[in-house]
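**Q** Here are the chains, one letter per residue:
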Amino acid sequence: MKLSKDGWTGLAALAASLILFALTLDLKPSPLVPIGPGFYPRIVLGITAVLAAALVLFDLLAPPAPAATASGANYALVLAVFVTFGLYVGALPYLGFRISTLLFVAALQGVLDPPKTRRAWIVAAVTALVTTAVCYIVFERYLQVLLPRGRWTEF
Amino acid sequence: MYELLLAGIQNVMQMKYFVPLALGTLIGIVGGALPGITNTMTVIMVLPFTFGMEPLQGLAAMIGVYVGGESGGLIASCLLGIPGKPSSVATMFDGFPMTKKGEPGRALWLGIWASFFGGLLGGVFLVGTTEPLAKLALEFGPWEYFSLFIFALSMVAGLTGASLTKGLLSGAIGLVITIIGNDPVMGSPRLTLGIRFLEGGIPFLPVLIGVFAFAQIMGDVEKMGPGRSGPAGFVAPKLVVSHAKVIWEILSRPVMLLWTSFIGVLIGVLPAIGGSAANVMAYDQAKKFSKHPERFGTGTPEGIIASEAANNSNVGGSLVTIMAFGIPGDAVTAVMLGALTIHGIQPGPLFISQQPTLAYGIFAAYLLAHFIMIAFMFIGVRWFLRIVTVPKAILFPVIIVLCVVGAFALDNTMANVYVLLLCGLLGYGMVKGGLPLAPLILGVILGDQIEINLVRAIMTDDNPWLFLTRPISGGLLAAALISVVFALWQHQRAQKKGAVPEDGADF
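Respectively, the protein sequence lines represent chains A and B.
Under this note's numbering, read the first sequence as residues 76 to 230, first letter to last.
Under this note's numbering, read the second sequence as residues 4 to 510, first letter to last.
Misleading hints may appear alongside valid ones.
One-sided excerpt, in silico: chain A residues whose CB lies under 8 Å from chain B [stated by the list, open to error]:
1) 82
2) 86
3) 95
4) 97
5) 127
6) 150
7) 178
8) 179
9) 180
10) 192
11) 196
12) 202
13) 222
14) 228
Rather than coming from a laboratory, the hints here were simulated on the basis of the structure.
None of these values were measured; they are calculated from a predicted model.
Ideal Cβ placement from N, Cα and C applies to all residues, glycine included.
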């Protein structure tokens, strides 16, 4: 028997809920209230585990689905966007909002639609600059919303 | 009530509230006109701007986005045959054929005026029912609240997806997110894995932003790449029309307008079943009751009026549930809930009596947003149409930056940005795994309240049968069971017919 997408989703959820359920067993009951901190999490994780197991079971019992045709989805681009965003999130505490946002907006435009003409390069650069400047001015100066500071840049 | 509403209107007419409302409406129309950018995405983008505002300023801006977005979606639907967002899909069925027949102005303005009238009818419902429903909710004890939240969760899980198991599992995962952190009674750390920032729990806004923004952006990114160009350039159509004639076309069908607006409101009241379901269901109803159902899909005005009246009245319904019960009707109101909690305001039964200025300000902003929407459409509909040509390679980085600002600015900590990233991965993974997102978000929003009310009920009286024997609580739990059974029956019926229902959630 072969698992489909649903079956694997169910298995992942089942594994996560069982691990977390095991962790709740370490929670000590409270002497002051009739139910301890583990009471509700155990109910929730128990239900999650049962539902995840049901998803796996239904998937195993379901008649085999016809072979899926290639969706044509550009997963390499999705991965590239997540990696670029991950680098941005990683850079924010070190470079601060202004430098990392400028680099991120420019880089992500390059990832999504690599500039080929001089005009496209200018548009990408201006978009990065304007986005960073407008965010900084509107949030920090006008709305008094603080933006991340960089440990290396100190701004 | 109406004196308070009048005072609310006078209040919102002040520049400090009117400007955010008007700007929000404009941004909503622009966001709605952009194919692939939903209202949720637009309101998430606006969220960080509201942090530095007064509560009513921020809410006025968000309501503007909501109303503007519901109307903006019809522009591309009617004129280009591309739905601006899911809740304008049915508008396209007749709007675009009417445009192709050489009547683009009529198609567009039928939709705009139907949105206006439908929205105002939704407003009548909002103003008229919120207070009585809130008074009813004041009778609730912890048993009733617990049962109400379970009912909301079961309904969303049952109605949003192709599979009830997946819907329930998604809701359960949402609840799991809320058990991480200190327990609400004694403050003991739970499942924090030694990570300090998890001790305070995971705030729901970064979860919501991460899950929705990334699920949607990545869905579009999948379709991008070399040789997959965006919409081609277009020739601006002639939009001149007799408004009196268009308004008469709508008002001469009062029963259909009322019925489809009522459908919109009703669907808005149900958690997580938003504009797209309202749009399609109203279209379906209009077709069923029409003397000429065969004309639907060929450019009949009824199709446009029904679908647009419903998706705008739906907004009124969604606002009722959040204001009377504190349960968001859809993702947009979930973000509004987050914005309110940031300002220390808890929507729910006491909201309207404790914060009458704010509550009636919300009603007023909702009603005024429709007039502002009409004004903007008169001025700029031709420009809004041009917006569809903005490349996503430029839009997406800007949206992601605003998501980061929104998450960070909640309490000026990078922890929220890490949550955003993780939830972005979770949301995309769930979409790829076929799990609906609506129950997850409702689980995250209601999880703490479910636990607090469960513990409170048991600490008050440890008899668990009270959940069933107290009439309202028992009724709500029975309704939860019925909604699950109904979803099962509906799914089996669809399977017999060979059609699996699609994910219809707007969350």
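**Q** Classify the hint on residue 196/A as holds or violated, based on whether any CB of chain B lies nearer than 8 Å to its CB.
**A** At 13 Å from the nearest chain B Cβ, residue 196/A fails the 8 Å test, so the hint is violated.
**Q** Min Cβ distance, residue 178/A to chain B: is it shorter than 8 Å?
**A** 11 Å, violated
**Q** Hint validation: residue 150/A versus chain B, beta carbon distance must be below 8 Å. Holds or violated?
**A** OK, holds: residue 150/A within 8 Å of chain B, min 7 Å.
**Q** Can you verify the interface hint for residue 228/A: is its Cβ closer than 8 Å to any Cβ in chain B?
**A** The hint is violated - residue 228/A has no Cβ within 8 Å of chain B, the shortest such distance being about 15 Å.
**Q** Can we keep the residue 192/A interface hint, with Cβ of chain B closer than 8 Å?
**A** For residue 192/A, the interface hint is violated, since the closest Cβ of chain B sits about 13 Å away, which is over 8 Å.
**Q** Return the status of the interface hint for residue 127/A: holds when the least beta-carbon distance to chain B is below 8 Å, violated otherwise.
**A** 6 Å, holds
**Q** Against chain B, run the beta carbon of residue 97/A and see if the smallest gap drops under 8 Å.
**A** 11 Å, violated
**Q** Holds or violated: the hint that residue 202/A contacts chain B, with Cβ atoms closer than 8 Å.
**A** Constraint on residue 202/A satisfied, holds at 5 Å.
**Q** Return the status of the interface hint for residue 95/A: holds when the least beta-carbon distance to chain B is below 8 Å, violated otherwise.
**A** 6 Å, holds
**Q** Go through the hint on residue 179/A and say holds or violated, using the shortest Cβ distance to chain B against 8 Å.
**A** Constraint on residue 179/A satisfied, holds at 7 Å.
**Q** Min Cβ distance, residue 222/A to chain B: is it shorter than 8 Å?
**A** Holds. Min distance 7 Å.
**Q** Let me know if the C-beta of residue 82/A comes in closer than 8 Å to any C-beta of chain B, holds or violated.
**A** 10 Å, violated
In this structure, the hints that do not hold are numbers 1, 2, 4, 7, 10, 11, 14, in rising order.
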